[in-house]
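Engineer: Read top to bottom, the protein sequences are chains A, B and C. Sequential numbering of the first sequence, starting at 0, is according to numbering that gives the first Met the number 0. Sequential numbering of the second sequence, starting at 0, is according to numbering that gives the first Met the number 0. Sequential numbering of the third sequence, starting at 0, is according to numbering that gives the first Met the number 0.
Take these hints with a grain of salt, some might be off.
Computed list of lysine-lysine pairs in DSSO-like fashion (alpha-carbon distance at most 27 Å, straight line) [unchecked claim]:
| # | chain 1 | residue 1 | chain 2 | residue 2 |
| --- | --- | --- | --- | --- |
| 1 | B | K197 | B | K221 |
| 2 | A | K286 | B | K192 |
| 3 | C | K130 | A | K201 |
| 4 | A | K187 | C | K16 |
| 5 | C | K70 | A | K201 |
| 6 | B | K68 | B | K304 |
Over the 12 Å line for every Cβ pair with chain A, so calculated as not near, a few chain B residues [to be verified]:
| # | residue |
| --- | --- |
| 7 | D67 |
| 8 | L95 |
| 9 | Q141 |
| 10 | D182 |
| 11 | N194 |
| 12 | K223 |
| 13 | K244 |
| 14 | I269 |
| 15 | A273 |
| 16 | V293 |
| 17 | K304 |
| 18 | K344 |
Quick caveat, the hints were computed from the structure, so don't treat them as lab data. Small disclaimer: the values here were computed from a predicted structure and weren't measured. Where is the CB? At the ideal position from N, CA and C, for every residue including glycine.
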Amino acid sequence: MAGGCPRHFTNSQQEGRENLLFLQQLINGLQLGSIYALIALGYTMVYGIVRLINFAHGDIYMIGAYTGYMIATRLNWPFLPCLFAAMVFCAVLGMTIEKIAYRPLRSAPRIATLTTAIGVSLLLQNLVRYFIGPNYIPFPELFKRQSYVIYSAGSGLGLRTLTVSNIQIIVLVTALTLMFLLQFIVRKTKTGKAMRAVSFDKDAARLMGIDVDRIITITFAIGSSLAGAAGVLVGIAYPRIDPGMGVLAGLKAFVAAVLGGVGIIPGAMFGGLVMGSAETMVLAYGKSTYRDAIAFTILILILLFKPAGLFGKSVSEKV
Amino acid sequence: MKNVSIRIMALCLVLALIVSLVGCTKAPVQTTVKEIVIGVVAPMTGDVATFGKSTRQGVELAVKQINDKGGINGSTVVIKAEDDKNDPVEAANAALKLISKDKVIGIVGSVASKCTLAAAPIAQSNKIPLISGTSTNEKVTQVGDFIFRACFIDPFQGLVMAKFASENLKKTTAAVLFDIDNDYTKGLAEQFKLNFEKMGGKVLAYETYGKGDQDFNAQLTKIKSFGPEILFLPDYYNTVGLIAKQARAQGIKAIFLGGDGWDSEDLVKIGGDAIEGGYFSNHYSPDSTSPEAVSFRSAYEAAFKATPDALAALAYDAANILMEGIKQAKTTDGTAVRNAMAGLKNFKAVSGNVSFDSNRNPIKGAVILKVQGGKQVFEAVINP
Amino acid sequence: MSLLDVNQVSMHFGGIKAVTDFDLHLVPGELVGLIGPNGAGKTTVFNVITGVYQPTCGAVVLNSGDLSGKKPCRITQAGIARTFQNIRLFGSLSVLDNVKIAYHFHATHGVLASVLHGSKHFAGEEIITKKALELLDIFGLTPRKEEKARNLPYGEQRRLEIARALAARPQLLLLDEPAAGMNTNESRDLVRLIDWIHHEFGLTILLIEHHMDVVMSICRRIVVLDYGRIIAQGTPDEIRANPKVIEAYLGEEVSS
Chain A
0 MAGGCPRHFT NSQQEGRENL LFLQQLINGL QLGSIYALIA LGYTMVYGIV
50 RLINFAHGDI YMIGAYTGYM IATRLNWPFL PCLFAAMVFC AVLGMTIEKI
100 AYRPLRSAPR IATLTTAIGV SLLLQNLVRY FIGPNYIPFP ELFKRQSYVI
150 YSAGSGLGLR TLTVSNIQII VLVTALTLMF LLQFIVRKTK TGKAMRAVSF
200 DKDAARLMGI DVDRIITITF AIGSSLAGAA GVLVGIAYPR IDPGMGVLAG
250 LKAFVAAVLG GVGIIPGAMF GGLVMGSAET MVLAYGKSTY RDAIAFTILI
300 LILLFKPAGL FGKSVSEKV
Chain B
0 MKNVSIRIMA LCLVLALIVS LVGCTKAPVQ TTVKEIVIGV VAPMTGDVAT
50 FGKSTRQGVE LAVKQINDKG GINGSTVVIK AEDDKNDPVE AANAALKLIS
100 KDKVIGIVGS VASKCTLAAA PIAQSNKIPL ISGTSTNEKV TQVGDFIFRA
150 CFIDPFQGLV MAKFASENLK KTTAAVLFDI DNDYTKGLAE QFKLNFEKMG
200 GKVLAYETYG KGDQDFNAQL TKIKSFGPEI LFLPDYYNTV GLIAKQARAQ
250 GIKAIFLGGD GWDSEDLVKI GGDAIEGGYF SNHYSPDSTS PEAVSFRSAY
300 EAAFKATPDA LAALAYDAAN ILMEGIKQAK TTDGTAVRNA MAGLKNFKAV
350 SGNVSFDSNR NPIKGAVILK VQGGKQVFEA VINP
Chain C
0 MSLLDVNQVS MHFGGIKAVT DFDLHLVPGE LVGLIGPNGA GKTTVFNVIT
50 GVYQPTCGAV VLNSGDLSGK KPCRITQAGI ARTFQNIRLF GSLSVLDNVK
100 IAYHFHATHG VLASVLHGSK HFAGEEIITK KALELLDIFG LTPRKEEKAR
150 NLPYGEQRRL EIARALAARP QLLLLDEPAA GMNTNESRDL VRLIDWIHHE
200 FGLTILLIEH HMDVVMSICR RIVVLDYGRI IAQGTPDEIR ANPKVIEAYL
250 GEEVSS
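Turn these sequences into a full structure, and let the hints guide you.
Structural biologist: As structure tokens, this is what we get:
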């Protein structure tokens, strides 16, 4: 007969491993979440400024991955220049799209701009299908995968170690660096302040000497460059890219943006990280078939109970 | 009143007779055509496009060799190929087009079971024999008696890998990670679990993911906590490559096993070092030493400047089985061709000698290949 | 030589003629009042001058430079700043940032320089912050500098709007009902403030106001608008005595 004492002991040991398992899953979730967050930031910035849900944003992320792929395979550039080039390319792409597709519709009904955004999304996907090919392609290995044990809990059954891979560190560090850089730009620079002013009252901003068109262009550039960065990071973390990869990722990032409160930058970061963790936890403790369902469950719950998002204040929309 | 209706019935009967006579007089015209058209349904684009390419090249080689020898009973064989994009709807459309527009006598294809399952009912209802090179799902030939395949079936691959894990590798614990949305990976996973446990092994974790997923860290962390010796990954190459990388990054040391979905050069491109040392079952190895296999390989290499993979070999076999049926039937009538195909005994094919069981599944052995130094190396043969 | 010339400007919205044949010439240093009953077209005049509306015909000329077709932000940069009838501060930004934003187009450091070249960024920001704080001091808003603009009491929001407009360093300042919603004491303070900045900054000011005491006490010249047309202009005393003005304001308080 096993006494109470040993049983207690095994229970607490079991509990410790459960905690370890949970922590490891949280690390997994943060990796995924930081990518969602980077995409969500672009959604939120653009929405904040022009009240447009830029459905082509997920495809800019896809283009970012392909740019990274092209540069890494053709020019053999290492990670950082590769990341930077993809960001610059996507920034230019974002500005071009804004100029050609959205600016002429600035005063058109919102449904027209939304339809255009969907059109741009399909165009980008099919351009890549046409010029590069419709198939999955392997993303080159920019880093040799390595894993580090950051915590070890002796021997026995169950998860005994907490492991972090260099890829996870790179993804997380890059994403966080970019987010803080963005936060610096928005909070501290004159352009950032102008963005916030434009987002608050376009006409007043104009009359304070702010070139609203230029600010909108810069916003698209910054948002798109973040999506481009996310594209390269996803190529490193999950080295398989295809022209349709932006659709679901874009949708989930959109949900993340709504979760945090559309137009609110820290909200998008938080929303992305929550989405990634929620998905991972569903996989860890539930069924894989609910993976995509969780994103849309979150969306419905937020829309029902806190439509302004977790970071948003419920104010009636300014017209 | 009664009289009138009898007269109308009689008239109808006469008309029907005339129509059938016209039909009869037309039939011999068909048998004397100089061209025999066979259809190919394969994914030329989409997520498994390399499968489609191999399949097409296999069929092309078989047809070319027949035509070089004077065709079938004096008629030249012509190929009509359709792209199904690895999409069941496209596959069904492709089959319908081949049958109604191109008037094919038989169809080779498709690659994935889900596509063949969509195309098969159309071939069946039109009484056109369809033979898939590689659709391993059990249900494919259950669609009807006109549906054949040149490969063994899913349960067999699950069993082969279970047998290999427990008898050759002498392992007792395993985990399974598979795509719940895909009948192919699901079938392999189920049979592996069933047979591995039957042979005394333990399946510690049985995890799933969805179509298009790229992040498997959550499931892998769970699997890692059980510390299995074997990780069975019965998916296609592009997903297996991703999983393998993430698993090794997490520090999972288990040996990776899988099915013929691994068979692509891209497996190593995506999986890199992580996939090294993995084993998978297949229908064919280019290193096979049978005379048919050796001559097939040299002809294929001469024609396409590439080493044939199993898909090419099986498509080659499937096309040859279909053409042998047409040859033996001495007619292009679907039913006669079907009967001839079903009656084949020990047909000398590249992937082994083929006889069909009552479900039109071939009875033959499987090879185990190892991923070593970025290449596929012949490891063993497992017999049922 | 005049600072601002509004030449024969008409502004029509479809069939509605908001402003017709509007002429206005301001010499540097003038403080002119623009009055008229509700809906007379006063704010439309402001919107035409600042480029929010492109006039149907006529032209606006600042310092001999034609402003037609220029974006509002360029017009602001050319030297015209304004406040709004209904306060339009950037509510989610701090009081200080509201003022700094209007200064910014004078700054030399761009966004890339800010990110890549920290010292230049901080030096540039420091100058702007210093200037913004000087302005806030004048308007007695320094203690409130870190608060969000939307949390300020009404009177302070009015003052902040003027401070923000001044931060754009205009030659011409357009004030759209700065005393709206203020009590007598507050508006008296405001009159003093406007008078002071008028002299201190050497500004030319065009003022829309309903509080007649405000207009009469600080403007040397008054233009009266009714149904989009100028019906009178002159000194406060002339305007007070003008029968057309009295008629236009019939039922409204003219002299209170």
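Engineer: Compare the structure with each hint and give your call.
Structural biologist: Taking the hints in turn, this is what the structure says about them:
1. The straight-line distance between the Cα atoms of K197(B) and K221(B) is roughly 24 Å, inside the 27 Å bound, and the hint therefore holds.
2. Between K286(A) and K192(B) the CA atoms are separated by roughly 19 Å; this keeps the pair inside 27 Å, and the hint holds.
3. At roughly 24 Å between alpha-carbon atoms, K130(C) and K201(A) fall within 27 Å of each other, so this suggested pair holds.
4. Proposed proximity of K187(A) and K16(C) is contradicted: the alpha carbons are some 45 Å apart, above 27 Å.
5. Restraint check: the Cα-Cα separation between K70(C) and K201(A) comes to about 13 Å, which is no more than 27 Å; the hinted pair holds.
6. For the hint linking K68(B) to K304(B), the alpha-carbon distance of about 22 Å falls within 27 Å, and the restraint holds.
7. The beta carbon of D67(B) is kept farther than 12 Å from every beta carbon of chain A, the shortest such distance being approximately 33 Å.
8. At the 12 Å boundary, the C-beta of L95(B) stays outside the reach of chain A, the nearest C-beta of that chain being 23 Å off.
9. No beta-carbon of chain A is positioned within 12 Å of the beta-carbon of Q141(B); the least distance is around 26 Å.
10. The non-interface label for D182(B) is consistent with chain A: the shortest C-beta to C-beta separation is roughly 15 Å, beyond 12 Å.
11. Every C-beta of chain A lies more than 12 Å from that of N194(B), the closest at about 23 Å, which supports listing it as non-interface.
12. Distance check on K223(B): its Cβ comes as close as 6 Å (rounded) to a Cβ of chain A, failing to clear the 12 Å threshold; non-interface status is violated.
13. Not every CB of chain A is more than 12 Å from the CB of K244(B) (nearest about 6 Å), against its label as outside the interface.
14. Remark: the non-interface label on I269(B) conflicts with the geometry, its nearest Cβ contact in chain A lying 4 Å away (cut-off 12 Å).
15. Distance to chain A contradicts A273(B) as a non-interface residue, since its nearest Cβ pair spans about 7 Å, not more than 12 Å.
16. In this structure V293(B) is separated from chain A by more than 12 Å, as the shortest Cβ-Cβ distance comes to about 32 Å.
17. Distance to chain A confirms K304(B) as a non-interface residue, since its nearest Cβ pair spans about 20 Å, more than 12 Å.
18. Once the 12 Å rule is applied to beta carbons, K344(B) is consistent with being away from chain A; the minimum gap is 40 Å.
This entry does not satisfy hints 4, 12, 13, 14, 15, going by the numbered hints stated previously.
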